[in-house]
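Q: Sequence:
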Amino acid sequence: MRLVRWQPFPEMESLRRQMDRMFDELAGFERKSDTDWTPAIEMQDRGDSLLVRAEIPGVEAKDIDIQVAREAVSIAGEHRYEKKIEEKGFFRSELRYGSFQRTIPLPVAVENTQVQAEFKDGILELTLPKVQEAKQKVVKVSLGADNQAAISSSEANAQTATDAQQSATSNN
1 MRLVRWQPFP EMESLRRQMD RMFDELAGFE RKSDTDWTPA IEMQDRGDSL LVRAEIPGVE
61 AKDIDIQVAR EAVSIAGEHR YEKKIEEKGF FRSELRYGSF QRTIPLPVAV ENTQVQAEFK
121 DGILELTLPK VQEAKQKVVK VSLGADNQAA ISSSEANAQT ATDAQQSATS NN
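Numbering (UniProt numbering), first residue to last: 1 to 172.
Don't read these hints as lab results, they were simulated from the structure.
Mixed in with the good hints there might be a few duds.
[As the list claims (entries may be wrong)] Below, simulated DMTMM-like cross-link-like pairs (lysine to aspartate or glutamate); rule was C-alpha separation at most 20 Å, straight line:
hint, residue 1, residue 2
1, Lys62, Glu118
2, Lys62, Glu125
3, Lys130, Glu111
4, Lys62, Glu111
5, Lys130, Asp48
6, Lys130, Asp63
7, Lys130, Glu42
8, Lys120, Glu71
9, Lys62, Glu78
10, Lys120, Asp48
11, Lys130, Glu60
12, Lys130, Asp45
13, Lys120, Glu60
14, Lys130, Glu118
15, Lys130, Glu71
16, Lys62, Asp121
This one's a predicted model, so the numbers in the text were calculated from it and none came from an experiment.
Hey, can you work out the whole structure from these sequences and the hints?
A: The following block contains the structure:
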């Protein structure tokens with residue numbers, strides 16, 4: 001009988017992949033399969049905008065497709081492979097070629113028509129301006145001489161609800 005030494009690393013790698021997949025699913029990240037490559041990202045809140053950086057080495061800007069919705073960013077592209085005829089074959093190849101796609105949920109709504117993008121040295125940077133909260137409007141209703149309601153509106157900064165209420169009670 002031959003003694004075979006136990007190698008824990010393949011089992012640990014399988015466990016790591018399963019844990020990564022579980023956490024990605026919990027966070028809402030999409031993943032096609034274990035063999036698909038997706039770009040690593042980081043997201044930073046800059047007050048009035050979000051900065052999303054994606055690491056996409058070995059891809060040309062013309063091969064990247066970026067789509068931005070109010071609540072998510074989708075980055076897709078393709079690693080192109082230039083086929084070279086060589087007399088010697090590969091013993092091992094760990095480079096990935098083919099298509100990739102990643103959808104990143106955003107923590108806040110963004111103005112998707114005002115996105116700025118820069119791609120340099122394999123790093124894609126997206127500056128996504130946040131949607132400005134709608135200002136509350138105060139509506140003043142006053143009765144005219146013929147008992148018809150006249151409605152006017154103003155920004156919340158110009159007149160507060162308390163001012164509107166006070167002017168309505170002083171007209172009575």
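Q: It remains to establish, for every hint, whether it holds in the given structure.
A: Do the hints match the structure? See the list:
A distance of roughly 12 Å separates the Cα atoms of lysine 62 and glutamate 118; the hinted pair therefore holds under the 20 Å criterion. Annotation: proposed proximity of lysine 62 to glutamate 125 holds, straight-line Cα distance about 15 Å (limit 20 Å). With a C-alpha separation of about 6 Å, the suggested pairing of lysine 130 with glutamate 111 holds against the 20 Å cut-off. A threshold of 20 Å between alpha carbons decides the hint, and for lysine 62 with glutamate 111 the separation of about 24 Å lies outside it, so the pair is violated.
Restraint check for lysine 130 and aspartate 48: the C-alpha separation of about 6 Å stays at or below 20 Å, so the hint holds. As the CA atoms of lysine 130 and aspartate 63 are separated by approximately 27 Å, the hinted pair breaks the 20 Å bound. As the CA atoms of lysine 130 and glutamate 42 are separated by approximately 17 Å, the hinted pair is consistent with the 20 Å bound. Of the pairs offered as hints, the one joining lysine 120 and glutamate 71 is violated, with about 25 Å between alpha carbons and a cut-off of 20 Å exceeded.
Of the supplied pair hints, the one linking lysine 62 and glutamate 78 holds, its CA atoms being roughly 10 Å apart against a limit of 20 Å. As the CA atoms of lysine 120 and aspartate 48 are separated by approximately 24 Å, the hinted pair breaks the 20 Å bound. Between lysine 130 and glutamate 60, the direct Cα distance comes to roughly 28 Å. Violation of the 20 Å bound is thereby established for this hinted pair. For the suggested pair lysine 130 and aspartate 45, the alpha carbons sit about 10 Å apart, so the restraint of at most 20 Å is met.
For the given pair, lysine 120 sits about 10 Å from glutamate 60 by alpha-carbon distance, which is consistent with the 20 Å threshold. Taken as a hint, the lysine 130 and glutamate 118 pair is honoured in the structure, with Cα atoms around 18 Å apart against an allowance of 20 Å. Among the hinted pairs, lysine 130 with glutamate 71 is consistent with the structure: their alpha-carbon atoms are about 10 Å apart, no more than 20 Å. A threshold of 20 Å between alpha carbons decides the hint, and for lysine 62 with aspartate 121 the separation of about 14 Å falls inside it, so the pair holds.
Checked against the numbered hints listed earlier, the structure breaks hints 4, 6, 8, 10, 11; every other hint is satisfied.
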